[in-house]
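Going down the list, the sequences are from chains A and B.
Those letters in the first sequence? Residues 1 to 93, per my numbering, in order.
Those letters in the second sequence? Residues 1 to 416, per my numbering, in order.
There's no promise every hint is true.
Stated by the list, open to error - No farther apart than 25 Å at their CA atoms in a straight line, the calculated lysine-lysine pairs in the BS3-like style are these:
#: 1; chain 1: A; residue 1: Lys90; chain 2: B; residue 2: Lys170
#: 2; chain 1: A; residue 1: Lys27; chain 2: B; residue 2: Lys330
#: 3; chain 1: B; residue 1: Lys342; chain 2: B; residue 2: Lys43
#: 4; chain 1: B; residue 1: Lys99; chain 2: B; residue 2: Lys289
#: 5; chain 1: A; residue 1: Lys90; chain 2: B; residue 2: Lys172
As the list claims (entries may be wrong) - Pair ranges (Cβ atoms, derived):
#: 6; chain 1: B; residue 1: Asp9; chain 2: A; residue 2: Asp74; range: 15 to 25 Å
#: 7; chain 1: A; residue 1: Ile87; chain 2: B; residue 2: Asp41; range: 15 to 25 Å
#: 8; chain 1: B; residue 1: Ile10; chain 2: A; residue 2: Thr16; range: 34 to 44 Å
#: 9; chain 1: B; residue 1: Asn84; chain 2: A; residue 2: Pro30; range: 53 to 63 Å
#: 10; chain 1: A; residue 1: Asp74; chain 2: B; residue 2: Ser375; range: 47 to 57 Å
#: 11; chain 1: B; residue 1: Gln72; chain 2: A; residue 2: Ser49; range: 14 to 24 Å
#: 12; chain 1: A; residue 1: Glu76; chain 2: B; residue 2: Asp333; range: 23 to 33 Å
#: 13; chain 1: B; residue 1: Ser92; chain 2: A; residue 2: Ser49; range: 33 to 43 Å
#: 14; chain 1: A; residue 1: Gly46; chain 2: B; residue 2: Asp41; range: 29 to 39 Å
#: 15; chain 1: B; residue 1: Phe58; chain 2: A; residue 2: Ser49; range: 36 to 46 Å
#: 16; chain 1: A; residue 1: Pro30; chain 2: B; residue 2: Asp41; range: 35 to 45 Å
#: 17; chain 1: B; residue 1: Asp9; chain 2: A; residue 2: Glu86; range: 29 to 39 Å
Since the hints were made in silico from the structure, they are not lab data.
Glycine included, each C-beta is placed from N, C-alpha and C at the ideal position.
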Amino acid sequence: MFRDGGYGILAQVKETVGAQIIEVLSKVIPSGIPISDGTRIARDLGLDSVAVMDFVMELEERFDILIPLDQIADVETVRDLTRAVEILVKDAA
Amino acid sequence: MSIFDKFEDIRNILADLSQGGQNPLEVRFDDIRSPVEGTVDGKRVLLFGTSNYLGLTFDADCIEAGVQMLRQCGTGTTGSRIANGTYTGHASLEKQLAKFYGKRHAMVFSTGYQANLGLISALAAREDHLFIDADSHASIYDACRLSSAEIIRFRHNDANDLARRISRLKGKPGSRIIVTEGIYSMLGDTAPLREIATVKRETGAYLIVDEAHSMGVLGAHGRGQCEAAGVEADVDFVVGTFSKSLGAMGGFAVSDLEGFNLLRVAARPYMFTASLPPSIVATVSAALKRIQDDPSLGARVRANGQRLYYGLEKAGFSLGPQPNPVVAVKMPDRDTAVTFWKYLLAEGVYLNLALPPATPGSLALLRSSVNAQHSDEQIDFAIAAICRVGRRMGLIEAARFKQPVKQAEKLALPAE
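In isolation and in its complexed conformation, chain B is listed as follows (with noise of 0.2 Å):
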């Protein structure tokens, strides 16, 4: 009898997961070369699995941003803002991100998860109820967890589904939040939000959008789904991370509403947690700028998007309902999508591997990323390669893709 007895069906996928090569949860890098190349035992792979979508880990002006406060601040702030005060850095960037939402506040917190977990869970109290998507991250799950308010999941990307279920709460008081996602991650589909706002109008119900996905990558001016769907005004509070669009890592929440500051105070996760390293602080920082200087950025990472989505989608793989940034393969089976995931590392290709519950409808699904510095030769050979290893598997039909696939057999991973 073990403590862990209770994780036994976890042993057990690990071990499956193990066998025949590389366990997929367990890749190490020897390293990481560009936002798109690493090496992994050696062999030089292409990364289409990083959510890196600007590519600006390797920034100059970042990097030179970061190093320049790692030395003026130290390593870390040693505690939280509350306990340790506030660095200029911090306050600085808050006031940069409600510029770039033009919201009037903003506050960082030291992850995107916690992000979720603080502003959801301050905000919603007992007697509120929580109304979030089915295929919501689990951060926001986690964060209903923490709350004391009812939850209730309404169908994926549903409006009607939604003003259905809150309509059932009849009079009951309490504040109605509904929470969605600006892209979500799985299958890469955006969500309906001038639908969902105009439910949140209805019914008076206060809307976040998490913008994880979407920051960065949709909207004219990188603003998100929010953006691209000329909603800013209905949404109340917009949450984001510093973890891809902007390459590094933390998160952040911004709103209109007065009382925001508040959260200071009541959202455990930003109180009871070291703040961010002020040089993370600036190497995110720098590359808000960059995103607000170079508006080019969004425009290929969806480019890009669209190139790797329209070619799997020609070669015939059955794919997540729209074309950006983040590209799902749908497969059969979970010991195929294994099965598969693991010859494209062995064919230079890197992306991820992602299995129930985790997904939506109980999806195996390979899950890639384009960022705006994958060239074209780049992502072709990913296409290349995700075509051969499906021909080899028996999962698209070779005689439609014979040009496709001819022409990729010729493709050596590009030069460095």
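Chain A with its partners taken away, still in its complex shape (with noise of 0.2 Å):
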């Protein structure tokens, strides 16, 4: 179990990481943009490198975690940074 950070815990909110990082996503891009776990998060959703820091600073709320910048250097698509993010949560428990 892990608390997310003023969005309740885990049992309250989506099913898996993946959906929860897809949710954080869709607020910071333009609506509309389909996003799956393929998608590349900088090269298709057209964010700047500030853009993904700021993105990954919500899900360390989201998730109660650090997600160190040193980590999420070889991030690129969605499924990437589940994959991390998955391992921080299990690592913070």
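Build the complex from these two chains, which are given one at a time in their own frames, with help from the hints.
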């Protein structure tokens, strides 16, 4: 179980880490752009480097974890990010 | 297929910027006549975008000291201090800096960028944790990339957020190192150092403060935001530059911590680059003496910052949160900012165009900086020009600014 910093406990929110990432991501990009596991976060969604880091900050709040910038250097897709967050959530538990 | 294809986005932006007049990123000055005036394309312009806060670039004592040392020691050191040795000037400037800040140790770097790169990357090793303000300067971000520590951003100027993030480390080993700035260069706001110093004490972290834009500007003695906030004893490392208030180039770090001098052989950006030419060291030393001898310089630049800030605020522009010598006007979008900047240059006012991702919050900014040598008349000229352009572009309401704009229209570019 993990807390999500202001959004309630896990049981009250979405079922998977990936779904929550997509939910947070959809708030920082123009509506209507489809997002899937294979979406490349910077390239497909037009986010610049600062926007990506700001989005990561939102994820830190959501999952009550730290996501070091050096760890997201290799993250390209939503799927990559999901895996990284799942590990960090597990480590923080 | 070209190796430069990856820069296609940048190529497109540069092409856009070049349309319809001067490219803001490629301004070429025919000459610089003084700390407040230059010539672009044969036309006189007032300089409001140089970060030359105390206006010491043409100070007679600084120039004389530099010329003398240029003749005495030659044009450069041609190598690092580790390889080619330390000149007397390097060592005496470090003593002068340490004394100025009331710290035991000082190190001089070849640029301010390298001071951050060297200090932060050497201090923060594997297992350590760097907590940097989200709006940190690129040199801090780049220092993080050179370090092997974990990098965590905290929300800009939010000490509570910093504390919350540090607490998430729980019992993880490694040093906690907080990095913040005195004045942030884009919006001109100061760090809440009292609150951040409290977090530092409560968490046992180290605190680095970059005073690049606040040295000589803030504090009764010009020691920056650390002095102004009364937290100098809590700050483990002050970093700064010689390329703004001291009117030259180079950077430094000071500290009371024993072991500081080990950084001379641990900080790669210190070891593997040529040291500052003695002539530059001499001008910096003379400029630092000016700050120590004349506290009115700091008072003047602060007053000038307030004059510009409140003048533009009264006119209805959306600005950064605090009146400081960096005054940022928020533009609705990039194209408006570019057009506004070009109109202003035509009006005889040069300032900086700042665009995302170099800006916080993806803001498009017209970023101006005043210095201690600007006269009231010159600042009023800039306010008037900005108001005229703002009115022409429909960004401010004409009725609200009737009086100042009317006055402004009568102003000519102040005499040389």
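Checked hints:
no.	hint	in the structure
1	Lys90/A x Lys170/B	14 Å, holds
2	Lys27/A x Lys330/B	23 Å, holds
3	Lys342/B x Lys43/B	14 Å, holds
4	Lys99/B x Lys289/B	11 Å, holds
5	Lys90/A x Lys172/B	15 Å, holds
6	Asp9/B x Asp74/A: 15 to 25 Å	21 Å, holds
7	Ile87/A x Asp41/B: 15 to 25 Å	57 Å, violated
8	Ile10/B x Thr16/A: 34 to 44 Å	37 Å, holds
9	Asn84/B x Pro30/A: 53 to 63 Å	55 Å, holds
10	Asp74/A x Ser375/B: 47 to 57 Å	54 Å, holds
11	Gln72/B x Ser49/A: 14 to 24 Å	46 Å, violated
12	Glu76/A x Asp333/B: 23 to 33 Å	29 Å, holds
13	Ser92/B x Ser49/A: 33 to 43 Å	41 Å, holds
14	Gly46/A x Asp41/B: 29 to 39 Å	35 Å, holds
15	Phe58/B x Ser49/A: 36 to 46 Å	38 Å, holds
16	Pro30/A x Asp41/B: 35 to 45 Å	39 Å, holds
17	Asp9/B x Glu86/A: 29 to 39 Å	32 Å, holds
The structure is inconsistent with the numbered hints 7 and 11, although it conforms to all the rest.
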